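All chains, full assembly: derive it from the sequences and hints.
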Amino acid sequence: MLYINVQKSEAMEHVITINNNQLSFTPGQTILDVAADNNIYIPTLCHLKHASPTKTCRVCVVEMQGEDDLIEACATPAENGMIIHSESHRVIQERKQIIATLLNTGNHNCSIRNLDPQDWTQFQMNVHQADQGNPLCPVWGDCELQDLAYMYQVQTEAVDAVPCQYETERANPFIIRDFSRCILCGRCIKACNEIQVNNAIEFGYEGVDAKIIAGNDVTLKESECVFCGECLQACPVGALVPEQPYRHDRFIDTVKTRTTCSYCGVGCQMDIYAQNNRIVKIDGADDDLAPNYGSLCVKGRFGYDFVGSEHRLTTPMLRKNGELEPVSWDEAINFVATRFNEIKDQYGPDTMGVLTSARITNEDNYMSQKFARGVLKTNNVDHCARL
Amino acid sequence: MTNTIADIETADVIIVTGSNTTENHPVLSSFMKRATKRGAKLYVIEPRKIKLTEYATKWLRQEPGRDISWINGMMRVILKEDLHDKAFIEKRTENFEALKEAVEPYTPEFVESITGIKADDLIEVAREFAKADAATLCYCMGITQHICGTDNVKSLANLSMLCGHLGKPGGGVNPLRGQNNVQGACDMGGLPNVFTAYQKVDDDKARNSYEQAWDITGLSGTPGLPVTEMIDKAYKGEFKSLFIIGENPLVSDPDLNHARKAMEKLELMVVQDIFLTETAQIADVVLPSLCFAEKNGTFTNSERRIQRVRKAVEPPEGPWEDWKIITAIASKMGVPMDYEGPEQIFEEIRQVTPSYRGVTWERIEHLGIHWPCPETSHEGTPILHTMQFTRGKGLFHAISHVIPAETPDEEYPYILTTGRILYHYHTGTMTMKTSGLNMLAPECFVEISSNDAQKLNLEDGSMVDVSSRRGTIQAKVEVSPKAVDGTVFIPFHFASAAANTLTNAKLDPTAKIPEFKVCAIKLEQPATA
Chain A
1 MLYINVQKSE AMEHVITINN NQLSFTPGQT ILDVAADNNI YIPTLCHLKH ASPTKTCRVC
61 VVEMQGEDDL IEACATPAEN GMIIHSESHR VIQERKQIIA TLLNTGNHNC SIRNLDPQDW
121 TQFQMNVHQA DQGNPLCPVW GDCELQDLAY MYQVQTEAVD AVPCQYETER ANPFIIRDFS
181 RCILCGRCIK ACNEIQVNNA IEFGYEGVDA KIIAGNDVTL KESECVFCGE CLQACPVGAL
241 VPEQPYRHDR FIDTVKTRTT CSYCGVGCQM DIYAQNNRIV KIDGADDDLA PNYGSLCVKG
301 RFGYDFVGSE HRLTTPMLRK NGELEPVSWD EAINFVATRF NEIKDQYGPD TMGVLTSARI
361 TNEDNYMSQK FARGVLKTNN VDHCARL
Chain B
1 MTNTIADIET ADVIIVTGSN TTENHPVLSS FMKRATKRGA KLYVIEPRKI KLTEYATKWL
61 RQEPGRDISW INGMMRVILK EDLHDKAFIE KRTENFEALK EAVEPYTPEF VESITGIKAD
121 DLIEVAREFA KADAATLCYC MGITQHICGT DNVKSLANLS MLCGHLGKPG GGVNPLRGQN
181 NVQGACDMGG LPNVFTAYQK VDDDKARNSY EQAWDITGLS GTPGLPVTEM IDKAYKGEFK
241 SLFIIGENPL VSDPDLNHAR KAMEKLELMV VQDIFLTETA QIADVVLPSL CFAEKNGTFT
301 NSERRIQRVR KAVEPPEGPW EDWKIITAIA SKMGVPMDYE GPEQIFEEIR QVTPSYRGVT
361 WERIEHLGIH WPCPETSHEG TPILHTMQFT RGKGLFHAIS HVIPAETPDE EYPYILTTGR
421 ILYHYHTGTM TMKTSGLNML APECFVEISS NDAQKLNLED GSMVDVSSRR GTIQAKVEVS
481 PKAVDGTVFI PFHFASAAAN TLTNAKLDPT AKIPEFKVCA IKLEQPATA
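Residue numbers (this note's numbering), protein chains in the order written: chain A, 1 to 387; chain B, 1 to 529.
By construction, these hints were calculated from the structure, which means they are not laboratory data.
As the structure is a prediction and not an experimental result, all values here were calculated from the model.
Beta carbons are placed, not taken as given, at the ideal position from N, Cα and C, and that holds for glycine.
Treat each hint with caution, since some may be false.
Listed next, with one range per pair, are the computed distances between beta-carbon atoms [said to hold, decoys possible]: (1) E524(B) / G348(A): 21 to 31 Å; (2) G461(B) / H311(A): 25 to 35 Å; (3) R170(A) / E365(B): 38 to 48 Å; (4) W361(B) / I252(A): 26 to 36 Å; (5) G207(A) / S496(B): 49 to 59 Å; (6) E101(B) / E224(A): 39 to 49 Å; (7) A213(B) / E224(A): 47 to 57 Å; (8) G471(B) / N321(A): 26 to 36 Å; (9) Q525(B) / E224(A): 29 to 39 Å; (10) S462(B) / D287(A): 42 to 52 Å; (11) P509(B) / G348(A): 19 to 29 Å; (12) S462(B) / A171(A): 19 to 29 Å.
Distance condition first, Cα-Cα at most 25 Å in a straight line; then the derived BS3-like pairs of lysine-lysine [said to hold, decoys possible]: (13) K476(B) / K377(A); (14) K261(B) / K320(A); (15) K265(B) / K320(A); (16) K51(B) / K221(A); (17) K377(A) / K233(B); (18) K377(A) / K324(B); (19) K200(B) / K154(B); (20) K265(B) / K512(B); (21) K221(A) / K332(B); (22) K324(B) / K344(A); (23) K344(A) / K233(B); (24) K221(A) / K476(B); (25) K377(A) / K200(B); (26) K221(A) / K265(B); (27) K49(B) / K377(A); (28) K344(A) / K236(B).
From the derived model, a few chain B residues whose C-beta atoms are all more than 10 Å from chain A [to be verified]: (29) T53; (30) K86; (31) D284; (32) N301; (33) K332; (34) V335; (35) T376; (36) L395; (37) T407; (38) S449; (39) K482.
This is how it looks when you write it as structure tokens:
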């Protein structure tokens, strides 16, 4: 009982107020953490869950009573008695300003920018060319910056569009790096260096030259990058986009299915996105879900083409006159059943074996060993655990 | 694994041995790498200077196949310096005296002479491991694929028990399972000597309960043959049929020439797969099945977590689910089997599998559960052996080292070790269908040190003939800082230059695992260069 009382009284001392709601917290939590735990929305761009605060975008600013300057919710630890306003007039004005500045920095051609019609046309034509003819930003409708711009009704000033000095990198099979849409939030760097700890990318150069660089500003392929795609999944805008078809057919109905990866034994939880019955994208599932907490590797994320491969077997085959020839399921099953029975009768069950698989499901494996033991009547059943 | 994957990140000391973790378990390696950022000590004990060594506090380099020696050596240091966990040993283990005696000859100097690991390094790692509050041992096929694989694993268990690092968070003995459902295949009785949940086939009680549950009489009480011995028997003409489901032994087996001849002697070979693999090509019957993205079911991961697999796309027309093909054959053979689908099969699994009994598909809808989970009110068991070991007390094994079955000599002066690389998976059946992965890793290579390359007058990128007593392959030379003089690495993914043409099929006497990780080879300029 004493223990519970102590806990309670301690808990009472850990309370902050956000938008007039008194909320208890665990020491070490940031204002953003407390808000998230209580379903209070504070926008973020550079922040990456399970990583240290990036502190570059400032879009998560909130007002704290008794403090002159707005503070960053992602980097400020909650302290007892704090009174926070997350959507005050001042906060909203500041966020609008931040979002407008970010929009002005690159090829954000999603009709959010408010340019003079003539300038807008010229801008669109330039972007169109940079995008190799793609009429829309590849992440239109799936962009956190665009979401915020709508949410906060951002009107950009008629700032001249400065062309991006860095060419889009397409020198690898999986990830396109479009520097013209990079808002330099650094979330990808956190994903690479703090979550996967591959240390492949970092901030490079200063001021207007600022760029996320790989190694000594080389392509991803020439760097330490192992194409896990953690950065791709983390990017809030269209700076890192997959090479594969998803970006071309974004508006076709997409079915998302949670499942378990089929490569190594880690058993990463993943979301498969399918369009027209073809896999178009795989992402790590929920970043709070064991065992992988949202991470995947290059094989799990990108190695899915085998599923819809034209080389898949589609019909049973039987060797006739030395060649494998397509046959019906009836014929195949009949043949196998008859031959198994014959061999069992002639040579005995222990001359027969089943190799089940470390690749198929538990249910399938269970049936394989049931077949060996219960039908062939032998314990000659094994799989490639050792190989 | 005795512990969970996430648990690795909480360890104070991590020893990784026989595992190229960043390439073979990339996501799991991030838990190790993050632990080092937090201040954990990471020791990598590996024949190759793999990527993970860059994150390590120290890399210890052992000669391939010499693991028992360094493990015994560490235990001797720990005992001499009185760093062992006496309370744990007293309460939880037995046969300690025999262990003490067995490790006595393994002085750091003796270990150095066998393994090449410097005496000082051995002492340092032994001390750190013993003194840590929680220290974990992570290993993979580099430990198990030896003629002494079983003894290697027992030695690691000895080391962990000696320091009381079992049964607690951040500790444990953790084999990293290499295939998505290798744990599940074992749990489901896909092994010659056990039913599900490791119930022995020669145990009358287990067999009787199976006969009742299945309503089938006459189950065999004689343990069956492991795959490696089935192949041997086939070679001798004493084995008549193989039903191979979702495997490609003609790339993954050791000594492929031998394996191929063995399979050609079978009267009937049935292969059930999603592609026309090298193995399917020589089959008498090929049955097309579905892949993971097209079916419902469960996989059990390396940390014993039973997780859902869900259908994400409709299968192509023609193939059937594996279980459906099997039950169709069974029914045709006169043993009717009738299931509505995989969930009904899982319900039957629960009935006959004590460690899975408490798991239902509904319970693992969002988050998987670690077995053992004996009843539906049980939360599962993330950490094994917290109170006692499966057999009660943990048994120390007194083990002495052996040398690999084949060691370099004048004719075959180099050691070959095999494994996987990041961009491909096993025999490449799946990964080689993704052009991006092929672009990043297009072909087989022979990884050698720059000294060896110079000695043999081989240039990076040139072709080389690699031969063992069992065969020859040709592949591209890759001069790499990962390679240590005298040891050569070749990935086994590529059927066109199959490393397993070279490997030795000598087996561990208990686990019947082949010694993939050590054989003797020679390297020569191609005759037709």
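Hint check results:
| no. | hint | in the structure |
| --- | --- | --- |
| 1 | E524(B) / G348(A): 21 to 31 Å | violated, 47 Å |
| 2 | G461(B) / H311(A): 25 to 35 Å | holds, 30 Å |
| 3 | R170(A) / E365(B): 38 to 48 Å | holds, 40 Å |
| 4 | W361(B) / I252(A): 26 to 36 Å | holds, 30 Å |
| 5 | G207(A) / S496(B): 49 to 59 Å | holds, 52 Å |
| 6 | E101(B) / E224(A): 39 to 49 Å | holds, 48 Å |
| 7 | A213(B) / E224(A): 47 to 57 Å | holds, 53 Å |
| 8 | G471(B) / N321(A): 26 to 36 Å | holds, 30 Å |
| 9 | Q525(B) / E224(A): 29 to 39 Å | holds, 33 Å |
| 10 | S462(B) / D287(A): 42 to 52 Å | holds, 46 Å |
| 11 | P509(B) / G348(A): 19 to 29 Å | holds, 26 Å |
| 12 | S462(B) / A171(A): 19 to 29 Å | holds, 26 Å |
| 13 | K476(B) / K377(A) | violated, 47 Å |
| 14 | K261(B) / K320(A) | holds, 20 Å |
| 15 | K265(B) / K320(A) | holds, 17 Å |
| 16 | K51(B) / K221(A) | holds, 16 Å |
| 17 | K377(A) / K233(B) | holds, 18 Å |
| 18 | K377(A) / K324(B) | holds, 19 Å |
| 19 | K200(B) / K154(B) | holds, 21 Å |
| 20 | K265(B) / K512(B) | holds, 22 Å |
| 21 | K221(A) / K332(B) | violated, 54 Å |
| 22 | K324(B) / K344(A) | holds, 22 Å |
| 23 | K344(A) / K233(B) | holds, 16 Å |
| 24 | K221(A) / K476(B) | holds, 20 Å |
| 25 | K377(A) / K200(B) | holds, 15 Å |
| 26 | K221(A) / K265(B) | violated, 47 Å |
| 27 | K49(B) / K377(A) | violated, 48 Å |
| 28 | K344(A) / K236(B) | holds, 18 Å |
| 29 | T53 | holds, 14 Å |
| 30 | K86 | holds, 31 Å |
| 31 | D284 | violated, 5 Å |
| 32 | N301 | violated, 3 Å |
| 33 | K332 | violated, 4 Å |
| 34 | V335 | violated, 5 Å |
| 35 | T376 | holds, 18 Å |
| 36 | L395 | holds, 23 Å |
| 37 | T407 | holds, 22 Å |
| 38 | S449 | holds, 21 Å |
| 39 | K482 | holds, 14 Å |
In summary, the numbered hints that this structure violates are 1, 13, 21, 26, 27, 31, 32, 33 and 34.
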